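Since the structure of chain A is already known, use the hints to place chain B on it.
Number of protein chains: 2
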Amino acid sequence: MATIKDIANKLGVSISTVSKGLHGASDISEDMRQQVLDTAISLGYIVKKRKSSEKHKVCIMVENMDYANINQFGYELITGFRLMAQEQQYQVDVIPMDVYTQTMQSYDDYMKQNSYSGAFFLGFEMTDTYLTQLTHTSIPTVLFDNYVINKHVAYLGTDNNLGAKALIEHLYENGHRKIALLNGSQNSYISNLRFNVLLKEIKNHGLDVPDELIGNGITFQPKTISSCIPQFVNAGATAVVCASDLIAAAAINEIHRLGLRVPDDISVTGFDDLPIAKYLAPPLTTIRQERFTLGKSAFTLLSQLISGTPVSTVLYHSELIIRESVAKINK
Amino acid sequence: MATIKDIANKLGVSISTVSKGLHGASDISEDMRQQVLDTAISLGYIVKKRKSSEKHKVCIMVENMDYANINQFGYELITGFRLMAQEQQYQVDVIPMDVYTQTMQSYDDYMKQNSYSGAFFLGFEMTDTYLTQLTHTSIPTVLFDNYVINKHVAYLGTDNNLGAKALIEHLYENGHRKIALLNGSQNSYISNLRFNVLLKEIKNHGLDVPDELIGNGITFQPKTISSCIPQFVNAGATAVVCASDLIAAAAINEIHRLGLRVPDDISVTGFDDLPIAKYLAPPLTTIRQERFTLGKSAFTLLSQLISGTPVSTVLYHSELIIRESVAKINK
Chain A
1 MATIKDIANK LGVSISTVSK GLHGASDISE DMRQQVLDTA ISLGYIVKKR KSSEKHKVCI
61 MVENMDYANI NQFGYELITG FRLMAQEQQY QVDVIPMDVY TQTMQSYDDY MKQNSYSGAF
121 FLGFEMTDTY LTQLTHTSIP TVLFDNYVIN KHVAYLGTDN NLGAKALIEH LYENGHRKIA
181 LLNGSQNSYI SNLRFNVLLK EIKNHGLDVP DELIGNGITF QPKTISSCIP QFVNAGATAV
241 VCASDLIAAA AINEIHRLGL RVPDDISVTG FDDLPIAKYL APPLTTIRQE RFTLGKSAFT
301 LLSQLISGTP VSTVLYHSEL IIRESVAKIN K
Chain B
1 MATIKDIANK LGVSISTVSK GLHGASDISE DMRQQVLDTA ISLGYIVKKR KSSEKHKVCI
61 MVENMDYANI NQFGYELITG FRLMAQEQQY QVDVIPMDVY TQTMQSYDDY MKQNSYSGAF
121 FLGFEMTDTY LTQLTHTSIP TVLFDNYVIN KHVAYLGTDN NLGAKALIEH LYENGHRKIA
181 LLNGSQNSYI SNLRFNVLLK EIKNHGLDVP DELIGNGITF QPKTISSCIP QFVNAGATAV
241 VCASDLIAAA AINEIHRLGL RVPDDISVTG FDDLPIAKYL APPLTTIRQE RFTLGKSAFT
301 LLSQLISGTP VSTVLYHSEL IIRESVAKIN K
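For the protein sequence lines, the chains are A and B, in the order given.
Reading the first sequence from the start, the letters are residues 1 to 331 in this note's numbering.
Reading the second sequence from the start, the letters are residues 1 to 331 in this note's numbering.
Only chain A is shown next, with the shape it has when bound in the complex (with noise of 0.2 Å):
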């Protein structure tokens, strides 16, 4: 527990200064009363007060993900937090949040000074300062696809094994037996697992997976895309199967631009399911993740949180979703 003599060390000033800092004295600058307050949050020797007519608040951190309509991943995960958080009375702010701000103020000093209970990451990737930041906090977070070992962290996601053993079964089963995988980022949690998963059900049908067949670390620039595609089919691919519905839209384009037509040449697939997935051309044949029922339960996990109950894990099955994007192949 921090006192009025190590908020003083901290900021380098007299006790009597921090007890006029604390006590709203009228004799010190207002620069110097927030500092004071400042450091006394950050430090633990005080948490802000709510008044009792003061809803509780939290918030949803959002990284790399675009949610700004339904067509965009992060959504309907917004919505169906806040549907579950409204109910609960709970005031839900959502924040873009980026490098510098993350490089600024530690992930606790955030929190507390914006007197949020708890927060929901979205798009975060392994790298970034705040999900690192995690493996010591003692403030309720809740992680979409991502994973810290903390009692006070939850992990929300989609389990890939149902959707993707569905789905190389699919392709298996209409004749494919040179599958390329076209990889989400490399810092990314879940796109390492996804591809391990992908990778093991493949194996499981007794077929290899060559590295000319492996597109990893694709971002979202048309460029790397537009580097792979020709590769997998010099190397006589018949199936893409990328690691995002986004990813396979792009990969739908490269493959037009050479000339080649899906799926009669290649077959390519999807991962999301997100709306835009069945008015692509043709409609894409992908894996589907419950984003609402997602969502509702990321809130329901950072209450229980909240309340001290240790939640470690809460997963959802994922779903084959076959629509027209698959040729069947007679060899």
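In case anyone wonders, no lab produced these hints; they're calculated from the structure.
Each hint should be verified, as a subset may be incorrect.
Copies of the same chain look alike in the list, so a pair counts if it works inside one copy or between any two.
The list that follows gives simulated cross-link-like pairs (lysine-lysine, DSS-like), each with its CA atoms no further than 25 Å apart [stated by the list, open to error]:
no., residue 1, residue 2
1, K278, K151
2, K5, K178
3, K178, K20
4, K328, K5
5, K203, K5
6, K200, K57
7, K10, K200
8, K10, K203
9, K278, K200
10, K203, K20
11, K151, K165
These numbers were taken from a predicted model, which means no experiment stands behind them.
Structure of chain B alone, referenced to chain A:
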């Protein structure tokens, strides 16, 4: 969808006999009527109707696990489950399941004939017949400490990472460098998982675990444990990490029988934090599983599966409970 003809074929009787059986005609025997109904249910032709006044029924199937009193592992799991089920007006039957029943009747048939909406599995091993049948069931089923890829089946358990990390850190900080592992049954999903997590944490500290410090496939037969303990002692082990409190209790007895002291000569740790753990001599340092919370969560999960929400996995954090069975080594 099965037809009346399918039922007739299966039983080797005429279609009119089946029809009479289904409609309760008086000119066939009670025995035949029962056979017709049973076959109709097992083929999915009819699902047993429930009177509206009748409660929904679920069951807890227990195999290889004691639950009769609060000192036994299953007790709080079942109590928590019952508590939640009662609130929702569900009837709960606890069924000690044996190998014979599993061989005589399939899981789906058993559940349908007894009008159970779903089941909670406790203590099953990976080789148990009913567990192997779960890949294809459509009956909502929650497994404790077991995982099956099926959208109607969920895995509930403890995330061992936090507890295992804290335990190995605790041993390391107390000077232990030769840590032996007394593992559970190799047919147990969770024993294997837990063993691998502990092994990883030990290796994270730069320590090796040679074969002579590993006791595998430990059941509760004193004979197996009594062969491992002298082997660990001869290999210079300073601590024995056990896969359960009951294994730890047996290990302590065995160490005492050899004329050695716990923890002065050798430290021992458990897993579970059963009520008995704190009454052992010495009181046992162990990893706590939240059995009551897990039991309550089991019913919540089962309700979700029954209502069609495809939950896959729910895990709770484990916690290290430090008592007196680990000594500080001054070397």
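Problem - Violations among the numbered hints - result: 2, 3, 4, 5, 6, 7, 8, 9 and 10
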